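Asks: One line per chain: the protein sequences are A and B, in this order.
Quick note on the numbering used here: the first sequence kicks off at -2 and runs consecutively.
Quick note on the numbering used here: the second sequence kicks off at -2 and runs consecutively.
Just so you know, the hints here were simulated from the structure itself, not pulled from any lab data.
A quick note: this is a predicted structure, and the numbers were derived from the prediction, not measured.
Hints should not be assumed to be uniformly reliable.
You can't tell identical chains apart in this list, so a pair holds if it fits in one copy or across any two.
[Said to hold, decoys possible] Below are the BS3-like pairs computed for lysine-lysine, each with C-alpha atoms no more than 25 Å apart in a straight line: (1) K140 / K101; (2) K25 / K61; (3) K269 / K218; (4) K101 / K166; (5) K124 / K25; (6) K124 / K30.
There are 2 protein chains.
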Amino acid sequence: MENIIVQKYGGTSLQNTERIKNTAKRIKSYREKGREMVVVVSAMGKTTNNLLDLARTISDSPPKRELDVLLSTGEQISIALLSIALNEIGIDTLSLTGAQCGIKTNGLHSNARIEDIDDARILQELKRGRVVIVAGFQGINEKGDITTLGRGGSDTTAVALAAALKAEKCEIYTDVDGVYSTDPRIVPKAVKLNAIRYDEMLEMARLGAQILHPRSVELAKNHQVPLEVRSSLNFNSGTIILGEITMEDIRISGITSEKNIARISIARVPDKPGIAYRLFKCLSENEISIDMILQNLNHENANDISFTTPTEALGEALPIVEKFAGEIEAQEIIVKENVCKISLVGTGILGHGEVAAAFFETLSNLGINIEMISTSETKISCLIDGKDADNAVRTLHRIFFEQN
Amino acid sequence: MENIIVQKYGGTSLQNTERIKNTAKRIKSYREKGREMVVVVSAMGKTTNNLLDLARTISDSPPKRELDVLLSTGEQISIALLSIALNEIGIDTLSLTGAQCGIKTNGLHSNARIEDIDDARILQELKRGRVVIVAGFQGINEKGDITTLGRGGSDTTAVALAAALKAEKCEIYTDVDGVYSTDPRIVPKAVKLNAIRYDEMLEMARLGAQILHPRSVELAKNHQVPLEVRSSLNFNSGTIILGEITMEDIRISGITSEKNIARISIARVPDKPGIAYRLFKCLSENEISIDMILQNLNHENANDISFTTPTEALGEALPIVEKFAGEIEAQEIIVKENVCKISLVGTGILGHGEVAAAFFETLSNLGINIEMISTSETKISCLIDGKDADNAVRTLHRIFFEQN
Chain A
-2 MENIIVQKYG GTSLQNTERI KNTAKRIKSY REKGREMVVV VSAMGKTTNN LLDLARTISD
58 SPPKRELDVL LSTGEQISIA LLSIALNEIG IDTLSLTGAQ CGIKTNGLHS NARIEDIDDA
118 RILQELKRGR VVIVAGFQGI NEKGDITTLG RGGSDTTAVA LAAALKAEKC EIYTDVDGVY
178 STDPRIVPKA VKLNAIRYDE MLEMARLGAQ ILHPRSVELA KNHQVPLEVR SSLNFNSGTI
238 ILGEITMEDI RISGITSEKN IARISIARVP DKPGIAYRLF KCLSENEISI DMILQNLNHE
298 NANDISFTTP TEALGEALPI VEKFAGEIEA QEIIVKENVC KISLVGTGIL GHGEVAAAFF
358 ETLSNLGINI EMISTSETKI SCLIDGKDAD NAVRTLHRIF FEQN
Chain B
-2 MENIIVQKYG GTSLQNTERI KNTAKRIKSY REKGREMVVV VSAMGKTTNN LLDLARTISD
58 SPPKRELDVL LSTGEQISIA LLSIALNEIG IDTLSLTGAQ CGIKTNGLHS NARIEDIDDA
118 RILQELKRGR VVIVAGFQGI NEKGDITTLG RGGSDTTAVA LAAALKAEKC EIYTDVDGVY
178 STDPRIVPKA VKLNAIRYDE MLEMARLGAQ ILHPRSVELA KNHQVPLEVR SSLNFNSGTI
238 ILGEITMEDI RISGITSEKN IARISIARVP DKPGIAYRLF KCLSENEISI DMILQNLNHE
298 NANDISFTTP TEALGEALPI VEKFAGEIEA QEIIVKENVC KISLVGTGIL GHGEVAAAFF
358 ETLSNLGINI EMISTSETKI SCLIDGKDAD NAVRTLHRIF FEQN
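So here's chain A without its partners, still in its complex pose (with noise of 0.2 Å):
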C-alpha cells in the first residue's frame, strides 16, 4: 500500500515507561495524519545486556538457541507495553511478535537472515484501522524455533517489513537529528545531511557513523525502500536515503574515524605464491574480521604483509599468525594497537584526483605519518596514529566543509 509508513524505535526511545508514553504520543500525532502505520521496536534501554547477564552467570556458552529464547522477551515486552500506551491514548493497536508477523529466518541462530515475511496478518489489522506494533530484531524459522537477527537486527527487520509491505518510507527513530559530515563531538560544525545515496551511507555506517546498520542500509538499496534517519526527541527533519540525488559530480558526504583498530604486520614473508592467500584463508575460517591489507616487497624475495582488524579480535587473531608465521618461516611480528582510519565519504572521489590530493596533503601538513591507504568508488581511507585521529578529522572538516 502506497500509503504505509514503517517506524523504527530504538532502545533510548523505549527507555522507561515515561519515555514509551512519550513514543507513543508521537506515534498518534503521525497516526492523526491518516498515514497507515507499523513500529517496529526494539527492546527497553539496557534489557538486552540485562538478559545476556543472566545467562553469562549461569553458562560462559549457553546454547545459541536458547539465548534467542531469552532475548526475544526483550522485544516483547517493548510491543506490549507500547501497545498499552497507545491505547492509554486512544489508538487502536495490535502487537505482533516476530513469529506472529510471519518474519521467516534460516536458522542461524544469534545471526539469523530474513528469508521471506508473511504480511497477511499485518495487512489485515492494517485493514481494520490498527497501528501494528512489531518486535524487531526476531523471526522464526522452518522448525518454529525463534531465532534473533544479530547486529543492527531491529533496523533490518523494519526496511525488510517496509520492503514486503510496499511502504512509503521506512523511518529510523534514534537520539540524533540525523546523518552528519562526521561526528559532532569531535567536530562541532559538522554538518546535517538532508540526502545521502545508499552507497555513501554505506560507506559511512561500515567506518564507524554508528546510527545505521549497514546491514540494513544494504537491504534498503537492494529494494529501494527510501529510509529516513530521523530524532525520536524532537520533530527536526532529518536525513534521507536513497537511490540517486541529484547534484554536481563530486560530492564530499562526510569524514568518518574509526578507532579501536589493530595493525599486525609480518616482515620478511618469502615471496613465494599463494602465501597470502593462505594467511587470509586461515583468519577467515576463524572468523576474524580483515579490513585493510598491504604486502609490499622491500627485500630480495621476501615481502611485509600487514592487515588490521578491530582490537578485540587480536587476542584470537595472533596466535593464528603466530603459528602460520612459523610454518613459512617469516622473521617478525609486529603489532600496533591503537591505530586509527580516517575516511573521505563521497561520490566521484576516486575520478577526482585534486580530492585524494586535499586528502593526503592535509594530513601532512599536520604532520602525521599515513601507514595505510585505500580506496573504493565511495571513499578514501588512511590508516593513522590513533593519537592524531580528532585532529585530524577536525582539519579535514575545516578544509572539506567549512570553507567559504
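Position chain B against the provided structure of chain A, taking the given hints into account.
Replies: Below, chain B without anything else, positioned relative to chain A:
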C-alpha cells in the same frame, strides 16, 4: 508413554540464577534414573508482578491481549535460563513456549482455558533423548495470539500436559513438603498427609490451602492424572493425590481456614418467590464470587439473606446490593468484613453425625459464635469472627489430629 514424568517448578524454585542452577541439578538427578521428562516452569520470583507494575504505570486498564503478550515473557525467560543451566551440566534440552508446544486455548485473554494440546513436537524431542522445558501459564488461541491461563496457570499446564502425554505422574514442586492437615504456620504440630483423594484436595484447595489451584486438581481428577506435591528444597516424599485410597470409613484429611472474607446481610427482604435468585444472578453477572449463602425467615413475610464474598470484591458488590435492596424495599444492609471460614475436610464426614457434633462442640467450648454453616460430601464449614480463627484451628487440630 508410560515412562514420562511431568514436573512443574514454581517461581520460588527459579527465584534467581543460583536457584535455577539447583533446580537444574535436581532435574538431572531424576533424568539420570532414565525417565523421559517434561518440565513446566513459572516465571522467576516476582517477575510477573514487576511486569504488571510496568504496565500499570502506563495504564489503569491495559488491554488484556497486550497484558498476555507482556506477562508471557516471564515464563519464556525461565525456560531459556533453565535450559541453559541444564545444558551447562550436560543434559540435552529443548525449551518451548506455550505456542511452540501446541497448547491451544480459547480466546479469553488473561483467563484462557486449554482446549487442546498438539503434543507432536514434545514427543519428537523426547524421542531424541531431550528433556523438554515448557513455559507454563500460557498458550495460543486460534488467531495465533498469545493467551495466559490466569491463576494456577502453570499447575494447569503441567496437569494438562501430563494428561495429553499419558504421563505416569505429574509432580508439582513447591516450597512446602506436601499437603498438611492444617496450616503449619498456625499449628506447628500439623501432620503431612501421605495421600489424599482428588475430592478432598479440591476442598482443601478451595478452602485456602494455597498449594494447588482447584482448577489443576479438577483437571487431574477428570483425566485421572496422579499428582504429587513435593518440596524443591529437599528430597522428602510429598503428598500423592489420586482417585481412590483404601482406608477406613471416616477419614479426616485436614482443617483449613480462609480469611479475608466479608459477610453481607440484607435484612427484611420481602418473602416473594425469585428474589434471592435475582440478587445472585445480578452479582454473578458482575463476576462477583459468592460462597456461602444463608436465608432465614425471621419475621412474617420477610427474610434475612446473608452471603459471603472475598473482601476484595466488597467494593464492587456493595453498590449492586444497595441498588437491589432499594428496588425490593429491603430494610437494611449489614456488612461484616473480618470473618473467617473454618473447615473440616475429609471423606464420609456427612454420614457421621459425631464428627460434625465434635466440630460444633469444640467451637462452642471456645465461646466462638458460628455465624453460618455449610456442608458438602467432603467438608463442614463454619463462618466465625476473624479474630477467633487461629485459636479455632489450633484447638480443632488438637481434637481431630493430636489425640492418643
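Asks: Hint by hint, where does the structure go against what was stated? Just the numbers, ascending.
Replies: The structure conflicts with hint 3 only, although it agrees with all the remaining ones.
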